[in-house]
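Taking the hints into account, I'd like the entire structure generated from these sequences.
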Amino acid sequence: MTLIINGEARDVAAPSLAALLEALELDAAVVATAVNGRFVRRADRMVTLLAEGDAIEILAPMQGG
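By numbering that gives the first Met the number 0, the letter at position 38 of the sequence shown is numbered 37, and the numbering carries on one by one without gaps.
Since the hints were derived computationally from the structure, they do not count as laboratory data. Here the structure is a predicted model, which is why all the values come from computation and not from measurement. Where a beta carbon is used, it is the ideal one built from N, C-alpha and C, also for glycine. Fair warning: there could be bad hints in the mix.
[Stated by the list, open to error] If you anchor each label on the Cβ, the simulated ranges turn out as follows: (1) Val11 x Phe38: 16 to 26 Å; (2) Arg9 x Val29: 32 to 42 Å; (3) Asp10 x Gly63: 30 to 40 Å; (4) Asn5 x Gly63: 31 to 41 Å; (5) Val46 x Val11: 13 to 23 Å; (6) Ala54 x Asp26: 27 to 37 Å.
Set out below in structure tokens:
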């Protein structure tokens with residue numbers, strides 16, 4: 000299915016947000032996620048199902064000073 004990940008269309012076979020993070024080889028503990036503009040808590044990623052055309056935002060924390 001085609002998902003919009005951080006503004007870029009990508010074909011990914013991932014039924015859930017947790018599966019998507021695994022497929023992208025991202026450490027789920029250090030990213031923030033949103034689906035269609037709604038924040039998804041880490042505990043809810045496994046049950047957050049994805050559908051064709053969903054917009055996914057994956058953000059990593061930044062350090063600086």
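Outcome of the hint check:
1. Val11 x Phe38: 16 to 26 Å: holds, 20 Å
2. Arg9 x Val29: 32 to 42 Å: violated, 21 Å
3. Asp10 x Gly63: 30 to 40 Å: Given about 34 Å between the Cβ atoms, the range holds.
4. Asn5 x Gly63: 31 to 41 Å: The hint (31 to 41 Å, Cβ to Cβ) is violated, given that Asn5 and Gly63 are roughly 20 Å apart.
5. Val46 x Val11: 13 to 23 Å: holds, 18 Å
6. Ala54 x Asp26: 27 to 37 Å: violated, 22 Å
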